[in-house]
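Novice: Listed below, chain by chain, are the residues.
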Amino acid sequence: MSSTAPPLTIPTSESDASQLEEEHVHKVYDKIAINFSDTRYKPWPRVVDFLRSFPCGSLILDVGCGNGKYMNISNDLMMIGCDRSEGLLKICRDRYFQVFLCDCMNIPVPTNMFDGAICIAVLHHISTEERRLSALKEIVRLLKPGGQALITVWAKEQELDNKKSTYITKNAKACPVHGNTETKNELIIHTPRTEFQQSDCLVPWNKPTEKLLRYYHVFIKDELEHILSHISRVKIINSYNDDGNWCIIFMKIA
Amino acid sequence: MLTSNILKGVTRGFPLKIKADKVENVSVDYNRDFITRIIPRIEYDALRAAVNDLGLNESLPETMPEAVQQDDEFLKTMHKVLLEYEIEEGELICPETGRKFPISKGIPNMLLQETEVS
Numbered sequence: 001m002s003s004t005a006p007p008l009t010i011p012t013s014e015s016d017a018s019q020l021e022e023e024h025v026h027k028v029y030d031k032i033a034i035n036f037s038d039t040r041y042k043p044w045p046r047v048v049d050f051l052r053s054f055p056c057g058s059l060i061l062d063v064g065c066g067n068g069k070y071m072n073i074s075n076d077l078m079m080i081g082c083d084r085s086e087g088l089l090k091i092c093r094d095r096y097f098q099v100f101l102c103d104c105m106n107i108p109v110p111t112n113m114f115d116g117a118i119c120i121a122v123l124h125h126i127s128t129e130e131r132r133l134s135a136l137k138e139i140v141r142l143l144k145p146g147g148q149a150l151i152t153v154w155a156k157e158q159e160l161d162n163k164k165s166t167y168i169t170k171n172a173k174a175c176p177v178h179g180n181t182e183t184k185n186e187l188i189i190h191t192p193r194t195e196f197q198q199s200d201c202l203v204p205w206n207k208p209t210e211k212l213l214r215y216y217h218v219f220i221k222d223e224l225e226h227i228l229s230h231i232s233r234v235k236i237i238n239s240y241n242d243d244g245n246w247c248i249i250f251m252k253i254a
Numbered sequence: 001m002l003t004s005n006i007l008k009g010v011t012r013g014f015p016l017k018i019k020a021d022k023v024e025n026v027s028v029d030y031n032r033d034f035i036t037r038i039i040p041r042i043e044y045d046a047l048r049a050a051v052n053d054l055g056l057n058e059s060l061p062e063t064m065p066e067a068v069q070q071d072d073e074f075l076k077t078m079h080k081v082l083l084e085y086e087i088e089e090g091e092l093i094c095p096e097t098g099r100k101f102p103i104s105k106g107i108p109n110m111l112l113q114e115t116e117v118s
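First to last, the sequence lines map onto chains H and C.
Under our numbering, the first residue of the first sequence carries the number 1, and numbering increases by one thereafter.
Under our numbering, the first residue of the second sequence carries the number 1, and numbering increases by one thereafter.
For the record, the hints were derived by calculation from the structure and aren't laboratory data.
There's no promise every hint is true.
[What the hints assert, rightly or not] Listed below are the simulated SDA-like cross-link pairs for lysine to any residue, each with C-alpha atoms no more than 20 Å apart in a straight line:
hint, chain 1, residue 1, chain 2, residue 2
1, H, 144, C, 116
2, H, 144, C, 40
3, C, 76, H, 57
4, H, 137, C, 117
5, C, 80, C, 100
6, H, 211, H, 235
7, C, 105, H, 74
8, C, 100, C, 13
9, H, 27, C, 40
10, H, 27, C, 114
11, H, 144, C, 13
12, H, 221, H, 253
13, C, 105, C, 38
14, C, 100, H, 34
15, C, 80, C, 32
16, H, 164, H, 240
17, H, 90, C, 54
18, H, 235, H, 145
19, H, 211, H, 90
20, C, 80, H, 75
21, H, 137, C, 116
22, H, 90, C, 84
23, H, 144, C, 114
24, H, 90, C, 76
25, H, 137, H, 57
26, H, 144, C, 14
Please take these sequences and the hints and turn them into a complete structure.
Specialist: Encoded structure:
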């Protein structure tokens, strides 16, 4: 960030929010797509377990499929992926996965169509609660009654019950801790591999000196439940923390 | 082809029509159980129309056979049509509004303009 640029703030309007996401999510992922993909090849075991719980022939949508690391974990599932980054989708196409480009707040599929959905590490890139709610509403809309979705987001708490997540235990050396600016609306630049100082922040890609900053809203405990409580026909099946991520499995009820 | 059978337009527009400029053939392992279970989810008339519009070699009967599970020939045709044809370049067209969604390098671009979002 150049020293003359005013600090970025937490968006208060729709247009600010979509501009922030355009600059600090979409454009960054398009730039880092190949490098990102090379480091994100290992599927999370609990996501794999969730996907393998569906019967043969189930139609599953991966909302924010990235490089498609969950798209081929089972030949018995019809997986379709969507993402906002064309760069990442090109990697999916090289692997012959079925994907399309869209925004997760407007997913162009019919209502009550999918047996299941996953949305892994996506919602934390959406910059207002209203928009996070509309993304979750879309997932509920596209599920069949009885269909289930797994949502995971990055947790603000990277240490739970005295156990540090892999993210902060990989901390190579002590990093300077930023002052607490929670009361201001500024988006602070997060120091990688440390505890989060506030929920809305910019996370440097790779090196702390890196110019490529990705916007994150890291979630606090029960925040996903709170948003879901605004949507009807949702029954929470399981809710857990998985190594620094809040995760929720819910069902769309009739 | 399968994805195009599932996407919809701006509002209710579904299923979308396909205009293909470049179609590629890929080989996918035949999984009889899988294709049998997928078939009930398919908008058959739309798929059949797409097969005709695209001028594919395969032909689908006017109506789906009644005993699909015993009809291996039909299952194999459906497998080929749904999973082995990839539209690399072309567009998907909303039947209601005529809105065109371009397909480039096999990726349908379904992004909406701000004015299209309700």
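Novice: All the hints need checking, so say for each whether the structure fits it.
Specialist: Do the hints match the structure? See the list:
1. H:144 <-> C:116: Answer violated: residue 144 (chain H) to residue 116 (chain C) is near 25 Å, above 20 Å.
2. H:144 <-> C:40: Between residue 144 (chain H) and residue 40 (chain C) the Cα gap is close to 14 Å, so the pair holds against 20 Å.
3. C:76 <-> H:57: The given pair, whose Cα atoms are some 16 Å apart, holds under the 20 Å limit.
4. H:137 <-> C:117: Status holds; Cα separation ~15 Å.
5. C:80 <-> C:100: violated (26 Å)
6. H:211 <-> H:235: violated (42 Å)
7. C:105 <-> H:74: Violated. Residue 105 (chain C) to residue 74 (chain H) sits at ~25 Å, over the 20 Å cutoff.
8. C:100 <-> C:13: Holds - the C-alpha atoms of residue 13 (chain C) and residue 100 (chain C) are around 11 Å apart, at most 20 Å.
9. H:27 <-> C:40: Violated, because 39 Å separates the two Cα atoms, which is more than 20 Å.
10. H:27 <-> C:114: Roughly 18 Å between the alpha carbons, so the hint for residue 27 (chain H) and residue 114 (chain C) holds.
11. H:144 <-> C:13: holds (19 Å)
12. H:221 <-> H:253: violated (24 Å)
13. C:105 <-> C:38: Judged against 20 Å, a Cα distance of about 25 Å means the pair is violated.
14. C:100 <-> H:34: Judged against 20 Å, a Cα distance of about 29 Å means the pair is violated.
15. C:80 <-> C:32: holds (12 Å)
16. H:164 <-> H:240: Holds, at roughly 16 Å.
17. H:90 <-> C:54: violated (24 Å)
18. H:235 <-> H:145: holds (11 Å)
19. H:211 <-> H:90: violated (24 Å)
20. C:80 <-> H:75: Holds. Residue 80 (chain C) to residue 75 (chain H) sits at ~16 Å (cutoff 20 Å).
21. H:137 <-> C:116: holds (18 Å)
22. H:90 <-> C:84: Given pair residue 90 (chain H), residue 84 (chain C) holds - Cα atoms ~19 Å apart, limit 20 Å.
23. H:144 <-> C:114: Not OK: residue 144 (chain H) and residue 114 (chain C) at ~28 Å, beyond 20 Å, violated.
24. H:90 <-> C:76: Given pair residue 90 (chain H), residue 76 (chain C) is violated - Cα atoms ~29 Å apart, limit 20 Å.
25. H:137 <-> H:57: With a Cα-Cα distance of about 25 Å, the restraint between residue 137 (chain H) and residue 57 (chain H) is violated, given a limit of 20 Å.
26. H:144 <-> C:14: Distance of about 17 Å is within 20 Å: holds.
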